[in-house]
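Enquirer: Next come the chains, spelled out residue by residue.
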Amino acid sequence: MAGARMTTAALSDRQRSWLRRAGPLLLVVVLVVVPLVFPESVNETIARIGVFAVAVLGLNVVMGYAGQVSLGQIFFLGLGAYVTAYGVSNDWNIVVVFVLACLIPAFVGLLVALAAARLGGLAIAMVTVALPIVGVPLAKRLSEFTGGSQGLSARFGDAPEWSGLYDDQWRLYLVLAIGGAVFLLTRNLVRGKYGRVLGIVKKNENVASSVGISPYRYKVLAFTLASLIGGVSGFLYMLVIQYTSPETMSFGHSIQLLAAMVIGGAASIVGSVLGGAYYVLVPQLTNLVDPSLTALLQGAVLLVVLFVLPGGLASLARPLGRGRRSRARHDPAPLITPSATTKSGSAADTPETERQGHP
Amino acid sequence: SREGGGDGATGAAASPGITDTTVRLGISTPLSGSTAGPGTCTVAGVKAYFGAKNAAGGVAFGDGKTRTVEIEALDDGYDPQRAKANYDSLKDDVFAMTAGLGTPTNRAWREAAIADEVPQVLVMTGDPLFSDTQESPWQLGFVPIYQNEGEAFGKLLVASGAPHKVAILSQNDDYGAGYVEGFKSAVEGAANIEIVDELTYEATDTSVDAQITQLSASGADVIFNAMSLVPLVVSALQKAQQLNWLPSWFLPSNTSSPGAVVEPGGGAAFPGIYSVSFAKAPASPAFAGDEDVQTYLAALKEHGDYPDAPAFPHCQWSWMVGATLEQAFTTMTEPTRDDFMRALRSIENFEAPLMLPGTAVTTTESGQPAVPTVVVQKYNGKGYDTVESLG
Amino acid sequence: MAAELAVQDVSLRFGGIEVLQEVSFTVEPGQIFGLVGPNGAGKTSLFNCISGHYRPTAGTVRIDGTPVQGARPATLARHGLARTFQHPALQLQETVLENVLLGAHTQLPGGPLAWSVRTRRTRRAEERFRGEALALLERNGLAWAAHLPADELSHGLHKGVELCRALLMKPRLLLLDEPAAGLPHTEVENLIATVRRLRAEDDITVVIVEHHMGLIAALTDRVVVLDHGRKLMEGTAAQAQSDPRVIEAYIGKDAADDVA
Amino acid sequence: MATFIQLIVDGLSTGSVYAAIALALVLVHQATGLINFAQGGMAVLAAYSAWWLLSRGVPLVLAISASVLLSFAFGAVVERWLMRRFERGDPDTAVVVTIGLLTLITGVCGWLFTYNNQQFPSLFSLDAVTFLGVSVSQRSIGTTVVIVVVMLLLQALFAGTKLGLALRAVAINPQSAAFSGLPVERLLMVGWGLAAALGAIAGALVAPQLTLTPGMLDNALVYALAAVILGGLSSPIGVVVAAWMIGVLENLAAVYVPLIGYDLKVAVPFILIFVVLVVRPQGLFGRKTVVRV
Amino acid sequence: MTLLELEDVTASYGPVQVLDGVSLSVPENGAVGILGANGAGKTTTLRAISATVRTGGRIVFDGEDIRGRRPDKVAALGIAHVPEGRGTFGDLTVRENLRVGAYLRKDRKGIESDIEYCLDLFPNLQDRIRSNASALSGGEQQMLAVGRAIMSKPRLLLLDEASLGLAPTTAKAVYDAIRRLRIESGIAMVVVEQNANLAFTVVDSATVLETGRSVLTGTSAELRGMDEIRRAYLGG
Ligand SMILES: Nc1ncnc2c1ncn2[C@@H]1O[C@H](COP(=O)(O)OP(=O)(O)OP(=O)(O)O)[C@@H](O)[C@H]1O
Ligand SMILES: Nc1ncnc2c1ncn2[C@@H]1O[C@H](COP(=O)(O)OP(=O)(O)OP(=O)(O)O)[C@@H](O)[C@H]1O
Ligand SMILES: [Mg+2]
Ligand SMILES: [Mg+2]
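Chains as they are written, first to last, in the numbering used here: chain U, 1 to 359; chain D, 360 to 750; chain G, 751 to 1010; chain Y, 1011 to 1303; chain C, 1304 to 1539.
Keep in mind that the hints were calculated from the coordinates and are not lab data. The reader is advised that the hints may include incorrect statements.
Stated by the list, open to error - Here are the computed lysine to aspartate or glutamate pairs in the EDC-like style, where the Cα-Cα straight-line distance is at most 20 Å: (1) Y:K1298 <-> G:E768; (2) D:K543 <-> D:D580; (3) Y:K1172 <-> C:E1419; (4) U:K203 <-> G:D901; (5) U:K203 <-> G:E902; (6) D:K660 <-> U:D290; (7) U:K203 <-> Y:D1102; (8) Y:K1172 <-> C:D1417; (9) C:K1376 <-> Y:E1195.
Okay, chain U solo, but in the shape it has when bound (with noise of 0.2 Å):
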């Protein structure tokens, strides 16, 4: 049996190993066409999807990985969004709104989490709520910057002549570049040191300190990361939706943000962008059924998707991994007969063959 399982775990090797080399190319070469072939209206959809998916994505790292629920996500893609329509209406270079756009709600992140990060579980969540339900009467007040409840508009990112791109292509090219990239550094990140490292301090903090890691410290750093992502779905939204106002942070969008961050797979760099694509398409779908039932159909699916799914739509993918995975199996030296380590072998083929049957 020690031989079946070696030639099954090869086998899987070297498939892996196959698609790590031909499956980021091919993403890369989708990505690249897709804005052209599409219509308009099309593109916009996919460039709203990449904003939301950006937001989920943060979203992800302080609470899917980390394990520290935050219901304030969408404040952090207000801000960004915010910073980004100030800037632009006051001509800045883009770089440097993209970058503040980034480092402003980081900071803004970094100094909640300092503070919510003493407290525990539950109280964190009410500590993050708080930052979309007090952040919308606050821009209101700081009308100066915000425009007040009437809000900002800020158009930019139009096609350069030289591109011959449509408006909406390039904008797409742009959301694609930035979010890729944002997904691509998080998802390295999410690996190895620190993807432990997030998952011991959601899981069991004791453990973490006992092996040198300070669950204050990276919960910190995994809220003050998550708000620096939300800063640039921020950007992004600016860049695509071309306005902001108040509403934009409202609690109702962090809620949805958080079910949609569930729906696509807490704690899966796939689910991110499922989740945003949930974000987008559904409001959408609903309006194509019946829009005067929004609520209703939203709900509905919702609570289905995950009826079936309850790991989230990523999950579609996982169970195929684990299932295939041969079973490896413990045998002790032979206790009492030498007969055992025969029965055993047997024992272990048999639920072998048993599993091709259903992964």
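Based on these hints, arrange chains D, G, Y and C with the ligands on the given structure of chain U.
Expert: Using the frame of chain U, we list chains D, G, Y and C with the ligands on its own:
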């Protein structure tokens, strides 16, 4: 938009959304969430109006063709982002966007509409920006800008000559601010008016008891109450009675419905409940026999799939929007968005159905929405009567 | 180089409960030290005071002379203190290997940025420690389980995984809380061998809490017996096992007779 | 001075609205260990069912009682056919499911009863009782009294009774509970049922004030959550006190702290939470949970 | 007559089958031990009986096949399972934990007196009666788990390493108590125990599991006699 100029520019060639037999109109408005009530009305009215027209064969356009009018209404849940999405998905197959409720949700795609040269007209926001022809060539607001409503009541107050102490409670957004601004501009420098206290509340608050308590202490005999949320207005009226503070009360046009607000609030207890309006209130016995109202209510049931009695004035307003659009259609000589805007902007003193005497649709003056004027009304225990003076 | 641990008059109370009362002892560098005593005597709590998970209400804990009571556990871990838990705490969904790799955290170079761009350095380090982790698992007879999710391992094996996690930290001071609990006799003997090898090969100080007197006797140079938070006696395992107070409070008179 | 006291009284009656929902949240949390965002939605549904019965001419008290019973059944059904699937899994998922449930219920109410405001008669008259310059409506008094009673009942349930103990045990460790022969699944259903019934009472209490709409309790829910966290998840008394604190301090801050004012008064509960929980992580009255190493 | 009968029971976690044919028979008032290496399937066997793992084969208790019933229904038949590791209710006090154990009992007085019984069986618990179970030491929690099982006055007691983390004296006390329970209240039991010496003080027969199946069954005397058993489990 990829069309860049938009094919409206090329003249005779028909714009998207219009054929020789049909024209499609788009609406993005809140049909879910906290503003779903009025939002639903903004659709029901237009639907009812053109539903009835279509049933009667359609609308006769200025170019001699008769077209049926199709309405494509989408829900934006008062979310700017979704409003923009709705616009994006509609702009290429509707002739014009109209009747949508909400300031941020309309602002979210205003610039895009200008860039794409898509009409965004007769929208339900008192935000002056939409009535500024320079800033917003492709826009036109319908309802009086908030300032006008506040101003009208202010004028009345000043005219009364008697000294008044005024307390102000307004919603903390452009809506409340607009009302207050208008009111203040009217009472500016008037000797007999003193504003003794001014407070705000958030649209998300569950109660304004504290505000009313604080204002009651100000000894005001008039409260200028710019609130857009029915429940809060009701509880405000009730609270004031409990504190037995009984000032004359001003309510905005969209939260003064006799049935939904004043009666439950026990409005009869106050010396006077004033509001501004330009539409006949179906609930008011004064108009019980009015055949405008009759046809309207019938159509609302039959074509607007809105069975109950309209709970928000927005239903009446969007009915008028329908009428105003028709008015524009009849003078439209080319099936283009440009010509439509021209036609729409050249309406004068059009007395749309349900309009109160003394009000009319006039689209020719810049800086003003389609309905520039309102009349002040006083609650009479069942409905409202127009009044020239206080008391 | 192995650490010296000095516990001095450490007391700990929770509300009314006196968990530890003026406990003192010193563990020489390189010693294998036993900590025994009845249930609720305060052994694990004492571990927690040393590893920084609890803050003693009084007294000092010194590692190589520097007082560490009240220091954060993470800090101590970075200074070469490793421990296992009485109730193994693993990432049940993660593979055994990932669990063990947690032990490498402090030795992995590079900050978030470096890891998100996957610099050569970080990839190299990750590879290297994977190798080390696998080697450790091999040594402890768990290589076969390296790629299984931890929740597919039986309870008794979790102890082994935790030990590997602690060892990957390359500690100078290692605290083991009941490492033999739930192991059958043969496995206990393997464990004894492992710890002996540990002491022989890498120079390290080990403190063991254990109820398995066989293991204590076989491994420890010295033992402290705790009872109701107080130090009952200190000496060699043999002395402890023959000390009437210890037999009375802990081992039980006829414990020997049971062993058939 | 009169104003000051009046503001406090107003705060208390607003706080009672939050408390009503908060109690239901506590009940569910004690019985299933999760936060039920749909709690408010279920209360609204109950209120609508009572309202519907009223419109069919059923007397108020009967209508409310009926809605309470219906809600109990509804809660149990929701647990059995929906939440059951998520109880063992990731709590975040379960919470999101309750969010979905909230959305669904809101949608259904909007669909069946429209988004218009419906008047809901009160058990208590609106007439104000006035003493030393402070006036408070009988409705607020009545509401508060009912809430205090419910609070004491809950406290008793969890502190003293076998059922309360069983509910908590199941929430803490379903498997061991099963090993001790506790009918885990039935208890979970009972827990949800009770919470829903309690929610129905809450709905009937606050509907007259907020006027019935599908989203009636959306804003109150946030305050209720705040009260729950502030008061301590395990303590009915705690959350009610917390809710009152929030209501009162909010008003006072709005009036007497210019920097805050009416627009930012919503920040008060959160500031409160932060200050309190840094000192007492378990909340004002919460039982401290030890996490052993 | 036999109280519990396992006829080649199989069990699996998800796709992973870990028991392939375990047979076992516990007479009324009898005590059977299960020995085996880590991962042999001892815990799973007990889980199979208390219906907390997917199973195949026949599990007959008191004449009826109970396989596939819900855990609480099985417990209601009088089968008490002391699970491996922490089986306590962390946020309940020691006393509350014990009361939960007695959930199925109606006799108030009996319950109170049994609580007292548990408390002087485990003096540690007496001292900590008011504190949350989660605060207890490992051993104290183990005591509490055993205590809770005793509180339910079961007909069949499933002990999964009841001595885990117990000091020698305490472990012995527990097993003495269990032996007494057998004699006084005629409780039957299945005992999983790494400390075989201890196990053999109560069980009259035992079965040895290896990689998910019984490879050897015999009376205590026989087994104690075998060198392999000595070598592997008794350290003799
Ligand atoms: N949740 C699970 N998923 C998959 N396999 C499991 C799971 N739990 C246990 N196993 C496997 O089932 C087999 C038997 O486990 P079990 O816990 O019954 O062993 P055990 O005899 O109790 O060992 P120990 O003495 O360590 O408690 C082991 O090989 C283990 O790997
Ligand atoms: N965080 C805490 N809160 C309250 N009491 C505690 C806490 N930690 C430990 N105790 C108490 O301190 C005493 C000692 O606990 P500790 O875990 O140190 O015992 P131990 O010697 O490890 O026992 P065992 O051999 O059973 O593990 C116990 O009575 C326990 O209840
Ligand atoms: Mg211990
Ligand atoms: Mg086991």
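Enquirer: Determine for every hint whether it applies to the structure shown.
Expert: Evaluated hints:
Taking the CA atoms of K1298 (chain Y) and E768 (chain G), the gap is near 19 Å; set against the 20 Å cutoff, the hint holds. Restraint check: the Cα-Cα separation between K543 (chain D) and D580 (chain D) comes to about 17 Å, which is no more than 20 Å; the hinted pair holds. At roughly 19 Å between alpha-carbon atoms, K1172 (chain Y) and E1419 (chain C) fall within 20 Å of each other, so this suggested pair holds. Under the criterion of a C-alpha separation no larger than 20 Å, the hint pairing K203 (chain U) with D901 (chain G) is consistent with the structure, at around 14 Å.
For a cut-off of 20 Å, the pair hint linking K203 (chain U) to E902 (chain G) stands: about 18 Å separates their Cα positions. Straight-line distance between C-alpha atoms of K660 (chain D) and D290 (chain U) comes to about 19 Å, which keeps the hinted pair within the 20 Å bound. At most 20 Å may separate the alpha-carbon atoms for a hinted pair to count; K203 (chain U) and D1102 (chain Y) meet this at roughly 13 Å. As the CA atoms of K1172 (chain Y) and D1417 (chain C) are separated by approximately 17 Å, the hinted pair is consistent with the 20 Å bound.
Distance hint between K1376 (chain C) and E1195 (chain Y) is fulfilled; the C-alpha atoms sit about 11 Å from each other, no more than 20 Å.
The earlier numbered hints are all upheld by this structure, with none contradicted.
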